[in-house]
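Asks: Residues per chain are reported as follows:
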Amino acid sequence: MMPAMAKLQFCVLFLVYVASQCGGANVDVVSSAITVKNVDRTIDISSQLVKINSKITFENTGKSPVKSFLLAVESSSKSKLAFIGGKDSNNKDLRLVETTVKGYDNAKFWRVDLKESINAGSTASAVVETVYSKALQPYPTAITQQEEQLVKYIGNLYFYSPYPVTSQKTNVILNTKTVENFTKVKPFSQLDGTIAYGPYTNTAAFTEKELLVHYKNNSPFLTVTRLERLIEVSHWGNIAVEETIEIEHTGAKLKGPFSRYDYQQDHHSGPASVRSYKTLLPASASDVYYRDTNGNISTSNMKVKKDSVELDLRPRYPLFGGWRSHYTLGYNVPSYEYLYYSGNEYLLKMRAVDHVFDDMQIDELVTKVILPEGTTNIKVNFPFSVTKLPDSLHYTYLDTKGRPVITFSKNNIVENHIQDFQLRYTFPRILMLQEPLLVVGFLFALFLCVIIYMRLDFSIHKSEHPHKD
Amino acid sequence: MTTLAEPNLGNGRNKGLFNNMTGFSTLITVTVLLLAWLAGFASRLFAVIRFESIIHEFDPWFNYRSTAYMVQHGFYNFLNWFDERAWYPLGRIVGGTVYPGLMITSGSIHWLLHALNIPIHIRDICVFLAPVFSGLTAIATYLLTAELWSRGAGLFAACFIAIVPGYSSRSVAGSYDNEGIAIFALQFTYFLWLKSLKTGSVFWSICTALSYFYMVSAWGGYVFIINLIPLHVFALLIMGRFSQRLFVSYSVFYIVGLLLSMQIPFVGFQPIRTSEHMAASGVFALLMAVGALKYLHSLNPKGQWKQLLIVGGLVSAALVFLMVVFLTYMGVIAPWSGRFYSLWDTAYAKIHIPIIASVSEHQPTTWSSFFFDLHVLVCTFPVGLWYCVKNINDERVFVTLYALSAVYFAGVMVRLMLTLTPVVCVLSGIAFSILLDLLLREDELPAAPVEPNDKNLYDKAGKVKKRAPEPTTQADFGLGTNVRSGVLIAFMILLMLFSVHCTWATSNAYSSPSIVLASYGNDGSRKILDDFREAYGWLSQNTADDARIMSWWDYGYQIAGMGNRTTLVDNNTWNNSHIALVGKAMASNETAAYDIMTMLDVDYVLVIFGGAIGYSGDDINKFIWMVRIAEGEHPKDIHEADYFTEKGEYRVDSEASKTMLNCLMYKLSYYRYDSGGSPPGYDRTRGALPGNRGFKLTFLEEAYTTEHWLVRIYRVKKPYEFNRPRLPLAKRTIQTSLTMSKKTSKRRKGVLKNKPTLVKGKKLSKL
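Line by line, the protein sequences are chains A and B. No gaps in the numbering here: position 263 of the first sequence is 262 in numbering that gives the first Met the number 0, and each next residue is one more. No gaps in the numbering here: position 602 of the second sequence is 601 in numbering that gives the first Met the number 0, and each next residue is one more.
The following block holds chain B by itself, in its conformation from the complex (with noise of 0.2 Å):
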C-alpha cells in the first residue's frame, strides 16, 4: 500500500485549486480502494501461479462439491440432497446441515456470467471467489472506519486489511471457504448497524437485518454478531446511552434479523431455542422494558422516575435472566453447546471432545502467531483502541467491544484469529490515520480554518515525502521538522516492512495447496509431488462406483470430492461414535479390525504415510488422537497407554509397544516398506526404523501404492479370499441333505426350474 504515490490529497484545504473537493477526494477514495482491492486480490494468487487453478486443503473440497451439485441439479434439489456417499450407512442430509450462502454466492455468479455467455467453469469461480471477496471486505471495512473515525482511517483500514495475513490465511485462491464471504459480511453487518444506530432509520436497520441473513447463511460466526450487538446495546443502556436511535435500530434489526435467520434450514430454531442466541432475546426484553420506563419518564419528568427507571431497569433485567435460567432448565432452551464451553475454558475440549481438540487450528494461539498474523498492526491497534476510547461516542462503543472480546476469543483458539484481525485492521486504521493528523497539521497554510470535524486529512502516507522538506513557518507548534519528518520516515519504513511481510507470509505460509506438494532439489528445481491426486484419481477411476473406503476423517470430503467414493466418516465431524468406530479399527489388530470392517461393509482402506519422503502430517502422527477417540467411545477396548512405551514415549520402531507394532494402522503404513533412507525401510518422518517388518496382512491387500508412498490404499478381502487352512482331500466333506428343508424340495441343488425335454430330431422351439 505505500507505493499508491497520489501526487496531492488537497486535504479539504486547497480550494482554490480544486473546485470541486467531493468530486476530488471521491476519486481519491475510488482509487484508493480499487488499487486495495487489486493488491488483496493479486497477493492471494500465489497458489494459483505455483501451482494451478485449484480447491485447497479439506473443507473447501466439500463446499465445491455441494456447489458443483447445486449447479447442476438446482437449488431445490440442493436443499434436499441426500449425501448417501457420506457417513456410510447412515448418510447425510447435506441441505439441512451446511451454511448455503458460500455455495448460493458462486452458483448465482455462475448463472449470471452463464447468461451473459461467458462459459466459466464453476471450480474457477469458487476458486477465486474468496479473493475476490477480499476486496469487498476491504471495501466493508473502509465504510466501518469511515463510519467511526474518518474516511482517512477508512482507507487506512481498508489497505490493511487487504493484505493482512490473519485474513489472507483464510481467502487465498482456491480456500474455498465460508471464512472466505462471511468476513465481508461480518463487516458489512457491523457497518450497517453502526449506521442504522447512527441514523435510528428504520432502512438502515433493515438492511442491517438482510445483511446478517447473509451472514447467517454463510457462516456459523455469525453467533459472534448476534452476542456483540446485543452486548453494545447493552453497554450503551448500562452507560445511560439509550435513545430512541438504538431502541428502532435494535428492535428492528432483532424482529427481522430473528425471523430471517430462522429460514436458513441449519439454522432453523436455534435463534429461540438454543443458550448461545438468548442474550439477543434477553437484551430486546429488557430494551423494550428500558423503553416503556423512558416513555412513563417523558410523561412525566419529575425526579422520583429516575430511581423507578433505575430499579425497573435493573428488575427486568434480573427477571429476563431468571427466565432465561428457568427456561433451560426446563428443557426449553438447550445449554451450551460444548464447542461453546471450549471458548470460556480451553481445557474442556481436552478432556470432554477430543475431537474438537485433535484439530490444530482450534489450539490456543501463541504470541508468535498474533505478530506473524498481524506484524505491526498488533501494537498499533491499542493505541486506536484508546483513541476509541477516550472519544468515546456510540460507535466508538462497539468498536471497543468488538476490540476485547475478539481479542479475547483469538487468544483462545487460533482459528478465530480471523475475527481479530478486521477489528485490529480497523483500529490501526484510526491509530495511523490519527497519527499523520498530529504530524501533518502543521503544513497547512496558516490561513486556512482548522475544522475540528474534518478529520479525513489522511489516506496515506505517500505524499507525505514531498511536504516533509518544506520549511514549516511555525516550528515552535508543538513538533519540530527533523521530529516531524523523522517520525514519518520511521513509520513509512513500518508500513513498507508490513506489506513486506504480508506478502512473505501470504506467499509461503498460507499459499499450499496442501493436496499437492512441492519439494526442491539442490540446484533449486521444483519436483511436484501429486500423490494425493493420483491415489484419488486411482479410487475414481479403477474402484467399483459404489466402493467404501475407510479412512481417517481428515480425509473424507477429499475422497468425496475428487475420488467420488463413499466414505465412512469426513470432516464434517458430526457424529463423534462413529469417527471413533474408524479410530477403533486403525487402533485394533487385525482380526479385530477385520471384524468392524466387515461390520461397516469397507471395501478399501486409505492411509496416508509420509515415512516415505518425510511428510509429517501423515496418519502414524495423527495415530494418538485416533485412540484417543476411540478410547472415549470404547474404553474397554482401547487403551491410549498400551500404545505407549514403558516409558511413556510414542515411537514407531523396535522400542515400541506391542499393542503399536500391531495395530492396523501400523501395519498399512509400513506393509512392504522397505524404501527410503539409507537402511531399507528407514522411516524419514519419525527418523526411526520400524519395529515390525516384513509381516504378511491376512485379511487386507495392498490394492495401490502412490509414488511416493504418500497414500496407500488397500482392499479389504472378502471372507472367501483369504487364506484358509488348507483340509486334506479325506477330511473334506460336503454335506448337501442335512441343510436342504421339505418344503423347497423341488429347488434341489443341480435342477434346472423348467427344464426343457430335449427328444432328438425335433428342433427345440423354445428353452
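Just chain A, with the same shape it has in the complex (with noise of 0.2 Å):
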C-alpha cells in the first residue's frame, strides 16, 4: 500500500504527465539537414478558391537519414487555410501531423512522416496540396449588375518553406486574360489566363514576399455558410440523406437596381451572378426533393448518369453578390451500399460531407447521424479533425426510448474534405421485430377492447323499446 500522500503526489504527476501530453502539440525542430531543391508550384485561383499545388524536391545534405520533415504555412494565411494534404512519388497519401516549431510562433507547421527515410545525399520528391478558401478579395468591393467581377489575390510570391530552397517556379493559373495589375519580378512572363513566375534560385527559409494579382474572375463566389447533413440509418434498406443548405453570394456586393430587363434582354448581364450550378448525389439516390420553407422550388432538373445523379440546381432567383438562400435537399439510397455488418456488428461507412458544387466551401458543416433504436456500442472514425457535439436521442415513428444521434461539426469545408467516415456500432437483430410488434400488439389491445366493450352492459335500467334499427 502506497501511502496516501504519496498516492496523492503519483495521481499529480499523472494528471500533469497527461495534460502535457493532450494539451501541450508537438514540438519539432527545423532540421538543417534538409534543403528544398526544387520546388514546382502551381497557384489555381480561377475559381473561388486558392488552391496551390507544390511539387517540392528534398535532398538530405546531412549525413544522418531522414524521416520526416516540415511544411509550413505562413500566419498571413494559416486562418484561411482549409485543407492541407500530401503525397509521395508513388502517389500515395502521406500522414500530416500538426506541430509547432520553437521561434515561429506565428507559422503553422505540419510534420509530414515518410515511409522510407531520405538517406543522406539522396533525394525524395512530395506533392503538397493545399486549398485556401476565402482568399480572393473582391476589389472593388461592390459592382452594379452589368460589371465584371474583380478580385485581388495577395499571397506569397516565393514557396513558404522552413527549409532554404535552391530553385522554385509558380505559376498562377487565372484562366483570363484580364489582369489589372500583378505583381512583376523578374523573371515573369504572361501567357494565355497563366503568369509564371521565377526560376527563382537560393531563396531562405521562411521568405516572404508579396505575390499580388488584380483580374476578372467570374466563377461563381458562393458559400455555403451553413450545411446540416442528416443521415437516418434504417435497418429495413434504406439510408435517407437531408442536406439543409444556407447559402451566400461572397462575391462582390451588388450595388444599385437589379433590371430584370437587362437581366433578360442581354445574356451576359450578371456575368458575376449564378443562375444556376451543380450538385452531384451518389449513383443510387432515389426520391430527391429540393424545397425550402415555402414549399417545392419547381426550378431543377435531374439528370441519372452513370456513376452519379446530376441535379441541376436552380435557386429560387439569380445570386447576386450579398444575395443570400436556403433550401433543403434530399434523397434516398440503398444501404446495402454503405452499411456492412457481421452477425450484430454494423459498420456504416459514409460521406462526411458531399458534393454541394464544383470548388465548393463552407463555413459550417454539422453532420448527424440517426442510427435505429436500440444500437449500442457507438464508435466513429473521421478522416479528419471535427468537434464532436453531444449525443442525443430522436423519437420518429413508432420509437419508443428514441434512436441515438451522433454529431459533429467542422468549420471550413472545401471538396477535398468529401471523404468517408466509419461508424461502428451494435445492433441486435432481434430488435427488428419490434416495430411490427408494436403495431400488431396495439391492434390487437384495441380489438380486445371493443369486444369487450360490447359485450358490457352500463345501462342502469333496461331500455323500453328494444333499439330500433
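Hints were generated in silico from the structure; no laboratory data involved. Just so it is clear, CB atoms sit at the ideal spot from N, CA and C, and this is done for glycine as well. Watch out, some of these pointers could steer you wrong.
To be verified - Here are the computed distance ranges between Cβ atoms for each label pair:
no.	chain 1	residue 1	chain 2	residue 2	range
1	A	Asn380	B	Lys716	50 to 60 Å
2	B	Lys716	A	Thr224	24 to 34 Å
3	A	Thr399	B	Met491	33 to 43 Å
4	B	Ser518	A	Asp306	35 to 45 Å
5	A	Ala195	B	Ser518	51 to 61 Å
6	A	Asp306	B	Glu360	50 to 60 Å
7	B	Pro264	A	Thr143	33 to 43 Å
8	B	Ser107	A	Pro427	49 to 59 Å
9	B	Pro264	A	Thr399	31 to 41 Å
Assembly of the complex is requested from the two constituent chains, each provided in isolation within its own frame, with the hints serving as guidance.
Replies: As C-alpha cells, this is what we get:
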C-alpha cells in the first residue's frame, strides 16, 4: 500500500503528464540537414478557392537518414487554410501531423512522416496540396449588375518553407486575360491566362514576399454558410440523407438596382451572378426533393448518369453579390452500399460531407447520424479532425426509447474533405421485430377492448323499446 | 358515390336471411360513411397531386402562420401574441382578433401526433385538415338528416356533401381556412340541437352548447346559428308547438352557449352588446314568458286563460322588442354592423364600404354559380323541402327555416353559398330517399308487413339494377316496371353526372393554390410559374429583418407568411383608413407617394404585374378599387374620375388620363417593362401598349423583379440617395458654426472625447 500522500503525488504527476501530452502540441525542430532542391508550384485562382499544388524535391544534405520533414504555412494565410494534404512520389497519401516549431509561433507547421527515410545525399519528392478559402477579395467590393467582378489575390511569391530552397517556379492560373495588375518580379511571363514566375534561385528559409494579382474572376463566389447533413439509417434497407443548406454569394456585392429587363435581354448581363449550379449525388440516389420553407423549388433538373445523379439546381432567384438563399435537399440511398454487417456488428461508411457544387466552400458543417433504436457500442472514425457534439436522441415513428444521434461539426470545408467516416455499432437483430410487434400488439389490444366493451352492459335499466334500427 | 355497389341492402325486410338486422345495417352505414369520407378526402387532393402540399391563397397563410406560432410558442403566448409584423406601425393583437378554433384544432392534432412520436410537420396537418374534416362533415350531415327523415336519406346527404363543389370549394387540401372546420361544427350543432329538441334532455342541450362553442371559436358564421335556432324557437312558438322539451333545450342551450361563446377573446361581450345577437336574447325572454304563462295555464286549464296566453305572449314579445330598440338607442347595444347591412341591401357595401365590395366573393351570386356549385341538387332540394313542409314536425320546421334563410343569404353573397350547401345536401338526400322509397316499394315480398315508420329503406341506388328486371307481381300497384326502371336509370345517370361534375368542378375550379400558377404549352407540357414564391423567398432572404413592405392588402398575409417581413396592411382589413393611405400612395404621383412612404417608413414596395404573362388578377386591374378606397378617406386628393378617360374608360395606353399615367402604381408596374408580346412592352393582360414608357424613377429603384415579371419589388431610396441637384463647387457652403450650441461647445466637430495624449517614445497604456 502506498501512503496516501505519495498516492496523491503520483496522481498529480500523472495528471500533469497526461495534460502535457494532450494540451501541449508536438514540438519539432527544423532540421538543418534538409534543403529543398526544387519546388514547382501551381497556384490556381481561377475559381473562388486558392488551390496551391507544390511539387517539392527534398535533398538530405546531412549525414544521417531523415525520416520526416516539415511543412509550413505563413501566418498571414493560416486562418484561411481549409485543407492541406500530401502525396509521395508513388502517389500515396502521406500522414500529416500538426506541430509547432519554437521561435516561429505565428506560422503553422505540419510534420510529414515518410515511409522510407531519405538517406544522406539522396532526394525524395512529395506533392503537397493546400486549399485556401476566402483568400480572394473582391475589389471593388461592390459592383453594378453589368460589371465584371474583379478580385485581388495576395499570396507569397516564394514557397514558404522552413528549409532553404535552391530553385523554385510558380505558375499562377487565372483563366482570364483581363488582369488589372500583378506583381512583377523578374523573371516572369504572362501567357493566356497564366502568369509564370521564376525560376528563382536560392531563397532562404521562411522568405515572404507579397504576390498580388488583381484580375477578373466571374466564377461563382458561393459560400455555403451552414450545411446540416442528416443521415438516417434504417435497417429496412434505406438510408435517408437530408441536407439543409444556407448559401450566400460572397463575391462583390450588388450595387444599385437589379433590372430584370437587362437580365433578360442580355445574356451576358450579371456576369458575376449565379443562375444555377450542379450538385452531384450518389448514383443510387432516388426520391430526390429540393425545397425550402415555402415549398418545392420547381426550377431544377435531374439527370441520372452512370456514376452519379446530377442535379441542376436553380435557386428561386439568381444570386447576386450579397444575396442569400436557403434550401433543403434530400434523397434516399439503398443501405447495402453503405452499411456492412457481420452478425450484430454493423459498420456504416458514408461521406461526412458531400458535393454541393464544384469548388465549394462551406463555413460550417454539422453532420448528424441517426441510428436505429436499440443501437449500442457506437464508435466513430473521422477522416479529419472534427468537433464532436453531444449525442442526443431522436424520436420518430413507433419509437419508444429514442434513436441515438451522433453529431459532429467542422468549419471551413472544401471539396477535398469529401471523405468517408466510419461508424461501428452493435444492433441486436431481434430488435427489428419490435416495431411490427408494437403495431400488432396495439391493434390486438384495441380490438380486444372493443370486443369487451361490446359485451358489457352499462345501462342502469333496460330501455323500454329495444334499439330500433 | 354511384359506384358503391353493396350486394344487398336487406332493407330490414329479409329477416330470414339476416338475423341481426341492426348489425347489418350498421355495417352498411359505416361502410357508406367511410367510403364517403374517403371519396371526399380523395377528391380534395387535386392540388396536392398536381402541385405539392402547400397552403393556398391568402387567408390560409395567416392561419398557417399563427398555427405555426402557436405550436412553437404555446397556446397562452399565442393568445397574448402582439404581431408587430402586421399593420405597421400599429401592429395587431392577434390573440384577440382571431377565431382560434382552427389553430387549436390543428395544434392539438399536432400535439397528439408528436406525443405518439409521429413527426408530421405542422404544415402538412394544416394542408390536410380541411379534407379530413370534410369526412366529419359528411358524418354530421348523416346524423342531421337521419334525425330529420331517415338513415337512408342521411346516407344520401352524407355522400352528397362529401363531394359537392359548393363545399369542396372551401375545403380542398391546402385551403386552410375557418370554413373548413366550421361547416362540420355547423352541421353537428344543428344535429345536436334537433336531438336535444326531440329528447328535451339537458344532456343533449349541453352538447349543443359545447358544439356551438366550438363553432364560435372557429368561424364568425356562428352568428348564423345563434339567429337560426332562436328563429326556429320563435317559429315553433308562433305555430303553437311550445313544449317542455323546447323550453328545456333552448333555455339550457342559450344560457350555456352564451357563457361559453363569451370565453372567446375575439367575441368577448358581443353576445350581449350587439344587435346581431339580440334575437337570441329576445326569444329567450319570450320563451320564459310563454313558459310562465303556460305554467299558469296548467294550474287552471280553463278557457279564459287562452286569451291571456295569446295576449300575454304578444305583449311580452312587444316588450322585448321595444327593450332591444331602447337599449340600441341608448347605445348599450351596438347597432347592426356594416357587413350585416350589406346582407339586406346589396348596394349598401358599394356605397359605404368599398373595401367589402372590392372582394370578389362578396358579390351577389349568379344563377350559374348555383348550378356550378350544386349541380342537380339545386333542382332536387325543393322536392325535399316540399316533403318536409308536407310532413311537418318540430325538426322539419327547423330545416325549412334553415333552407329558406340559407337560400336568401347565398343569393346575396357568393361566399355564403357555403352555408346553403349543407342544407341543400340534406334536403336532396331526403328527396332522393323518398324517390327510391316510392320506386322500390313494390319490390318487397307481398307478405312483408309495411311499416309506415320505417323510413331507412335505401342507402343508395346501386342495388337497384339487380332488382329492376325482376318481374313484379303487382303491376297494377301504382307505377309499372318500365316506368320505375326508366326513372331509376334516369336518376342513376343524373347521380353519375353529378359525381362527374363534382370531380370536374373541384379539379378545375377550386384546386388551384393560386400562389403557384401553371401554364400549358402547345405540346401539353406543363410549365410552373413560381413567381410569387420567388419574390417572397427573395424578400425573406435578401432584405433586412425589419424591412417594411408596402403592397396592396391582398398580399399582406402572404408577405408575412412566406416572406416573414413587416407589412403595412393585410387581409385582416380592420383599419380602413390605413388601407386608404396605402391606396392613396399607390394612386398619387411619385413625389406625393414618397411623402406618404417616408411617413410610413416604407422600405420596399411590392406590386403584382401580370402584363408579361397575361395574368388578370394583378394590381393594375385592382387599381380602381385602391382609388375608390383612397377617395373614401381622402376625397380632396384622390378623385376616381381622374383615372378614367374622358369617355369614362379605364385604360392604360396612350389615351389614358394623365393622372393614371403618372401614378405610382402605373409607374411601378411598367417601369422598364419592354418584354412581352410582339411590340416590345406590350401588355398582354390589358391588350394595350402602355401609354407612358421610358420614364425614370426618382425616389425608388428596382430591387427585384421575378422571372415572369409577375412580382416587382422596389426599394424606396433614403433621402440622401436620390438625385439631388448638382451644385457647382463654388456655390457649396458648409455651415458649421451657426448651428453649434453654446452648451455643447465641447463636442465640436472633429474632437475626440478623452483624447489620449501621446508622448513620443512612450507606449500607450490604454486608449
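Asks: Check each numbered hint against the structure and report the violated ones by number, ascending.
Replies: 3, 7, 8
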